[in-house]
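*Asks:* Sequence:
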Amino acid sequence: MRIIICFFFFLSSLSCFAQGDHSHEHINKVIGIPDLLADFEIRIYKSYNITNCTEVFRMYQVNKDVWRGMFYEYYSAAPHANVKEHFTKRELQASGNLDIAWYKMLAQDILYLPQQEAIRHKLSKKYVECDPLDKRYDGYGLAVQTVAICDGTSFDIFIRQEDKQNNISYDNPESYLKRYPDVDELISIHELLEIIRENFGVWKE
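Residue numbers (the numbering used here): 190 to 394.
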């Protein structure tokens, strides 16, 4: 049996801004937040690799009765464009009950989702190809069609609920979801982002 693998790449234009230190530790230091998550917190770093910007969303419990939402935009230095390292921040006003929002997030199994690399086998389409002229493999083979979306948008997600924690990274999850709508992990990431959009009004498409 033969296996044929086809790759399709979707690229967007690259930018000279995609440089500088975008490590989480460096960004945390600049914008003034701790590396350690609160006992109840979700933190998402959304990176646009074609720019010098990383957006940071935080939702965490201040005390038993109070949740807080924060949104930061971190810009790394781009000397050739005369741009200095800087950031902006704003406190988000929630439109709904954040206790409910938190449990809706947990319902997406974010605490247990694997890394995107662990589901790469799901991000392809497989079918049997017949070539009667090819006698080496009885005229049949397994064809694998894989799509690589390279538009440079990634989500690094950190979540903690007391002693349970998870950290996962997904590139272009919603773009992949349009092509593979039955992948549970992509559905969970999409639903998580929808909860954030609905409650805080950020990252609306």
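Calculated directly from the structure, the hints in this document are not laboratory data.
Honestly, I wouldn't trust all of these hints.
Result set (DSBU-like, lysine-lysine): computed pairs, CA atoms no more than 30 Å apart in a straight line [to be verified]:
(1) Lys367 to Lys273
(2) Lys311 to Lys253
(3) Lys367 to Lys311
(4) Lys253 to Lys367
(5) Lys235 to Lys273
(6) Lys353 to Lys273
(7) Lys314 to Lys367
(8) Lys367 to Lys393
(9) Lys353 to Lys218
(10) Lys253 to Lys278
(11) Lys273 to Lys293
(12) Lys273 to Lys311
(13) Lys278 to Lys293
(14) Lys218 to Lys273
What follows is a set of in silico ranges between Cβ atoms, one per label pair, in the way DEER data are often shown [said to hold, decoys possible]:
(15) Lys253 to Lys273: 23 to 29 Å
(16) Arg279 to His310: 28 to 34 Å
(17) Arg309 to Tyr237: 42 to 48 Å
(18) Glu387 to Val317: 30 to 36 Å
(19) Val255 to Glu387: 18 to 24 Å
Only a predicted model underlies this, so the values are computations on that prediction, with no experimental measurement involved.
Every residue, glycine too, gets a C-beta built ideally from N, C-alpha and C.
*Asks:* Hints first: check each against the structure and report whether it holds.
*Replies:* Here is what the structure says about each hint:
The straight-line distance between the Cα atoms of Lys367 and Lys273 is roughly 37 Å, outside the 30 Å bound, and the hint therefore fails. Under the criterion of a C-alpha separation no larger than 30 Å, the hint pairing Lys311 with Lys253 is inconsistent with the structure, at around 40 Å. The suggested pairing of Lys367 with Lys311 holds, with an alpha-carbon distance near 13 Å, which does not exceed 30 Å. Of the supplied pair hints, the one linking Lys253 and Lys367 is violated, its CA atoms being roughly 38 Å apart against a limit of 30 Å.
This hinted pair checks out: Lys235 and Lys273 have alpha carbons roughly 20 Å apart, not beyond 30 Å. Pair hint Lys353 plus Lys273 does not hold up; C-alpha atoms about 38 Å apart against a cutoff of 30 Å. With a CA separation close to 13 Å, the supplied pair Lys314 and Lys367 stays within the 30 Å bound. A C-alpha spacing of about 17 Å is found between Lys367 and Lys393, which places the hinted pair at or below 30 Å, so the restraint holds.
Among the hinted pairs, Lys353 with Lys218 is consistent with the structure: their alpha-carbon atoms are about 24 Å apart, no more than 30 Å. At most 30 Å may separate the alpha-carbon atoms for a hinted pair to count; Lys253 and Lys278 meet this at roughly 24 Å. Distance restraint check for Lys273 and Lys293: the Cα-Cα separation of roughly 39 Å exceeds the 30 Å cut-off, and the hinted pair is therefore not satisfied. Note on Lys273 and Lys311: the hinted pairing is violated, with a Cα-Cα distance of about 41 Å set against a maximum of 30 Å.
The hinted pair formed by Lys278 and Lys293 meets the criterion: a straight-line CA distance of about 25 Å does not exceed 30 Å. Distance hint between Lys218 and Lys273 is fulfilled; the C-alpha atoms sit about 16 Å from each other, no more than 30 Å. Take Lys253 and Lys273: their Cβ atoms lie about 41 Å apart, and the range 23 to 29 Å is violated. For Arg279 and His310, the hinted distance range of 28 to 34 Å is not satisfied, since their beta carbons lie about 40 Å from each other.
Between Arg309 and Tyr237 the beta carbon distance is about 23 Å. The supplied range of 42 to 48 Å is therefore violated. A beta carbon spacing of about 43 Å between Glu387 and Val317 contradicts the range 30 to 36 Å that was offered as a hint. For Val255 and Glu387, the Cβ-Cβ distance of about 20 Å falls inside the hinted range of 18 to 24 Å, so the restraint holds.
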